[in-house]
Each structure stands twice: as C-alpha cells, then as structure tokens.
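Undergrad: This is what each chain is made of:
Number of protein chains: 2
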Amino acid sequence: MPELRKDPVIGRWVIIATERAKRPDEFKHDKIVPKGGFCPFCSGNEDKTPPEVLAYRTPESHANGKGWRVRVVPNKFPALMIEGGLNREGDGVYDKMNGVGAHEVIVETPDHSKSLCDLTAKEVEEVLWAFRDRILDLRKDTRFKYILLFKNHGAAAGASLEHTHSQLIALPVVPRTVHSEMYGAREYYNFKERCVFCDVVRQELEAGKRLILENADFAVISPYAPRFPFETWILPKVHDAHFEDCKTNEYANLAAALRTTLRRLNIALNNPPYNFILHTLPLTEKSSPYYHWHIEIMPILTRVAGFEWGSGFYINPTPPEDAAEFLRGLASED
Amino acid sequence: MPELRKDPVIGRWVIIATERAKRPDEFKHDKIVPKGGFCPFCSGNEDKTPPEVLAYRTPESHANGKGWRVRVVPNKFPALMIEGGLNREGDGVYDKMNGVGAHEVIVETPDHSKSLCDLTAKEVEEVLWAFRDRILDLRKDTRFKYILLFKNHGAAAGASLEHTHSQLIALPVVPRTVHSEMYGAREYYNFKERCVFCDVVRQELEAGKRLILENADFAVISPYAPRFPFETWILPKVHDAHFEDCKTNEYANLAAALRTTLRRLNIALNNPPYNFILHTLPLTEKSSPYYHWHIEIMPILTRVAGFEWGSGFYINPTPPEDAAEFLRGLASED
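If you're matching them up, the sequences are chains A and B in order. The letter at position 96 of the first sequence is residue 1366 when you use this note's numbering, and the numbering goes up by one with no holes. The letter at position 323 of the second sequence is residue 1593 when you use this note's numbering, and the numbering goes up by one with no holes.
One should not assume that every hint holds.
The list treats identical chains as one, so a pair stands whether inside a single copy or across any two.
Here are the simulated EDC-like pairs of lysine to aspartate or glutamate, each with C-alpha atoms no more than 20 Å apart in a straight line [unchecked claim]:
1. Lys-1462 x Glu-1578
2. Lys-1336 x Glu-1273
3. Lys-1276 x Glu-1514
4. Lys-1366 x Asp-1317
5. Lys-1366 x Glu-1395
6. Lys-1556 x Asp-1317
7. Lys-1366 x Glu-1591
8. Lys-1462 x Asp-1361
9. Lys-1276 x Asp-1469
Just so you know, these hints were derived from the structure itself, not from any lab.
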C-alpha cells in the first residue's frame, strides 16, 4: 500500500510509492518511450489495460473490445490504491495515512497518430464528457475529497506513453495548491463581496490586451502573472464553482475553446510539451460564491530551478501581453 | 525594468523579465551549453563578468584579476535590477511593483574542471563564508526582505553555465514558499512551544533510520516526506534561525557535511543534476524561537508533471529510509 506522508512544517503531502520502490541505478538513464512500439491504448489492445470503467462506444460493440471513441481505464501502475481505509496515524512528530485513492487514464481517441488538438471539436467534447462522467461517479465515494484532472503532453511534461491521454487522481485530502487558491479567492470575496475570477474575466474582456479568444461561454486569456511563457487559462464567463455542474450546452463551447487554444499553441511553439490542469472546487463543498472553476494550460519551455523551488516565485521571459497578441494573431489558422 | 506581478488569487509573485522578452521561436530548441567553449567564470576571464563584489584572493592579487579562490559577481543577465524604488501600484484587480533586487553569482573555484564536491573541505568552507559575507552586506539595504541562496548543478537542474557556481537573489518581498514554511513552523510552536525542526532533528538522531551522517554541529537526513528520490536535508543540531548568524567554528563542520553529502549523492546517482536551497529566516525578522535554518538538496531524477503542478502533492518512488540506508552505506568512500 503506498503511504501518504505529510511534511511536518510546510504541510505538503507526499505519496511514497513503496510498491514500485526504485534503487539508485534505476534513475541513471532517462526512460525512453518507444516510438512505434507496442501501445496498450490502441484499439485492439483493450485486454492489455485493466478493465474499462467507462467507454463511449458504437451500439454493437462490447466492453473491453474495439469500437470505442473515448475509453477510461484504471492506471496499471497507480500512484494510489482504490481499496482500504485511510488509517491516519502519527509517528512521533510526523503524520501519515494509507495511500487510498483512484488513478485513472482517459484515452482520448483510439487513433495513436493523433494529439488532442488533432481531434474534431465533437471528439474533444466527448473527452470532456468523460471527465464529467468520471467525476460524477467517483464523487459518490465519500472517502474522496478532491479529484485532480490533468494532462501531460510530451515526455518533457511527464508523459510516459505517447498515445494521447489525460489522467485523474481522486484524493482523500484536499491538496495544498487547491487550498491556497481557495484561501486567496475567499479572502478577496470577504473583502469585496465579489468573485475574483469573475472580476478577472470582466477586466480581461474589457481590456483585451491579454485576451486570446472568447466564445459565448468562455474566455481564453494569458493570465496577468503567468509562471511560464505562453501559460494560458480558460475561464467560464458565468460564475460556476464545479466543472461537473456546467450546463450541458457549455461543453461544446468549452471543447471549441480548448481545441482552438491547443491548436494555436501548437503552431506558435511547434508542438510544445504541455500540462493542463482542471481547477475545480473540492467534492466536499456544495457550491461557492468565491470559487470559479477553470483550466490552466502550461507549455513546458523553461526549466524550474533552485530559485523557483526555493521561493515559489517564477521568472517568465515572455510578458503575457506579447503571448496573447501572438496567439490572437493566429486566428486565421483556426 | 523587470516587473513583479502578483497573481490575484494565489498570491504568487512572478518576475516578468521584460528586458529579455522571448519570441515564440526562441523556445523551439533547447539551448546547449558549449562544452569546452569560452567560459566567463574561468581564471583569466575576469573582465568578461561585471566587476566583482567580493573575492577571496592571494594578498598580491588585484580586484578583477587572477589570484582568487572564490569570486562573487553580479549576474550579467539579472532577473532583478539593483537600482530604483519599488513603486507598488494596482492595475484594476491586479498588483505590481518594479523588479528591484540583487542577483549575484558565486563562482566557487577558478578551476573549470571541478564540481563543488571535488573541492577540499577548506575550499567548500570558503564558499560558505562568501555566502555569509554577501548576506551580511546585502542585508544593509533595507529594500530587501529576503535573500535566496541556491545552486543549480547540471543542465536538467537549470544551470546554464558549466563552471561550478551558486547564485543569490535578494528580493523586496518575502517569497510565499518561505512564508508557508514560517507559518507551519509558527503553528507548531504555538501548539507545542517547541521548534518543529529541533523536534525533527531529535527524532531523526534517535531513530537513525533516515539519518545519513552527523558531526558535532550538523545532522544530514532523508526527510520524512521527501518530494524527490534522495532529497537530503542538512540541519544544525542547535537551534538557530539565520544562516549568517552561525558561530564561526560551525562553518567548517557545515562544509564537511555538505561536501560529504554531495560526494555520496554523486556516487549513488552518478553525478546527478541537483538543486540546493538555503532556507533561512527573512532579513526582516531579528530571530525566532520557531524557525531553524537548513539546507535542502534535491537531486533532479524525476519530472514534475500535471499532478504535482495541480496539487502540490509529490509522488516519490524511493522511500527515504531506503535512500538514507544507501547513502549511509557509502561511508567508507568518504
């Protein structure tokens, strides 16, 4: 069973993945993802993954066979285990608990040759529906406090398989990054009685200089204080705390915004590695006037080094106004 | 002038380095550090850096000439500028100020072929004295609230020049990572009336299973909840909040502990890229019963990806007890 351990000072949780402990010599060479080798996410290899927990398929197809468009399976090497209780306990000055949680992979298409941005808007929308359906299912399990949905694209962004996929990890605690974001948003709300994200959307739509694109439901912006060059956020225009509570018709517009954004980043930065992360309210909160779900996309172009680790500051060589102007200029390519 | 911008939600500061703004195509290829090419940090090339702010030299040598053992120079491409006032101002919902600060490079040896761990204990001690002397000098400037001292070793850890060096950045605000650490330590102190770091040192010395080495003044441990495989911390055994207030005789023991630790990591992980960061109390605080300075060394063996970015959680495949056992086992090589 993996162990969740808490740093006694900074409160940071760490998953000690005891099941797959690594000896020093196992780090000596970067693992290489075989190009064109065997791929467990390709159509026809469904038996090489754990049984699917969700798939959108043609009516005549069967579970764990061909004929799917989006398929969700448990991670074969999960960071957390679905079985068991938390068993929180102390160890002198320290705290730990069992590494209980869910770790799933959302395979976004059966086609190995495509990236998420190569899919049609309709196909991207189905990926978003899969995110939603999995959250709705997992939130029934009261052990889980937060579901983190993210994508690692490219080896430099942490992807270990080439076939395009996203991941979700259901956690038994609300992570600190989410806590900090909620805390900041709550402080602002307490002072202003307005949602800070709503204020950001309003200001960015009005100013326009950091706006990349918008549609009826979403604004895509270069944030004012981006950690990374070409960091890009997608925010709903109307206040909503939980991604999974979006109105049904909003997913099509979100898919369009996400797809166009990824396509433009792809052109601007020549298929960059990137991470995207869904920021949404914890499962433990019913709704919130101060929190506003959104997606943060971070192209990985620079390295995080000692300064960033030590300070939580970032040095960004590209002003967001320049990035937004460049990405706006690619509108004709959509 | 670089701009310091604050994220309005999470309170994270970002340095927008407007002077060296990058266009999208400048990220397309990883910069390669030329091996054996021209090096501005080598003895004889002193005129290729900004004039030195400190050097330990032979009595007959001259400033900005040969004959130094450790040399500190302003960064030629500083993230922050030393001149000017902060000029804090708002921009709608956002906050910014001028990127005022100091950014210096500590060249640890004139010998290009050596790493920090190849130096003698006496030479490492001089590097630590240089850290101290620069902090004592810069803290006279009341614009600065914190001095972050760190080292990036190897390209994967963010080093852009091969010649071994550390860096310091003097900041006009206390960084959030430092705030979080102080906050956690203060909470613990308020509850227990003991320093959490003192408790950690006591428990680790007693238990021994995460202890790597110790000498009269320092304990070197694998922390209980390490973010990264083989993450290693060096803590003073006796409570002290500021690195620069160490007793004179302690620097020799710190140099010995740091050098031995780096040498063992070097053997265990085959010259890994690493960052180390000095954690010390802000300049604005006189002393503290709850904060305890220390050094955190992080070998860069795994990648930070979407999960870590989104949660602040880390997945570590090497239990610290295994790492400590392995590093203890290298004692005969010292």
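Undergrad: Each hint: holds or not?
TA: Results for each hint:
no.	hint	verdict
1	Lys-1462 x Glu-1578	neither (31 Å within a copy, 31 Å between copies)
2	Lys-1336 x Glu-1273	neither (36 Å within a copy, 54 Å between copies)
3	Lys-1276 x Glu-1514	neither (29 Å within a copy, 29 Å between copies)
4	Lys-1366 x Asp-1317	neither (35 Å within a copy, 54 Å between copies)
5	Lys-1366 x Glu-1395	neither (39 Å within a copy, 38 Å between copies)
6	Lys-1556 x Asp-1317	neither (38 Å within a copy, 63 Å between copies)
7	Lys-1366 x Glu-1591	between (44 Å within a copy, 15 Å between copies)
8	Lys-1462 x Asp-1361	between (43 Å within a copy, 16 Å between copies)
9	Lys-1276 x Asp-1469	between (35 Å within a copy, 15 Å between copies)
Hints 1, 2, 3, 4, 5 and 6 from the earlier list are contradicted by this structure; the remaining hints agree with it.
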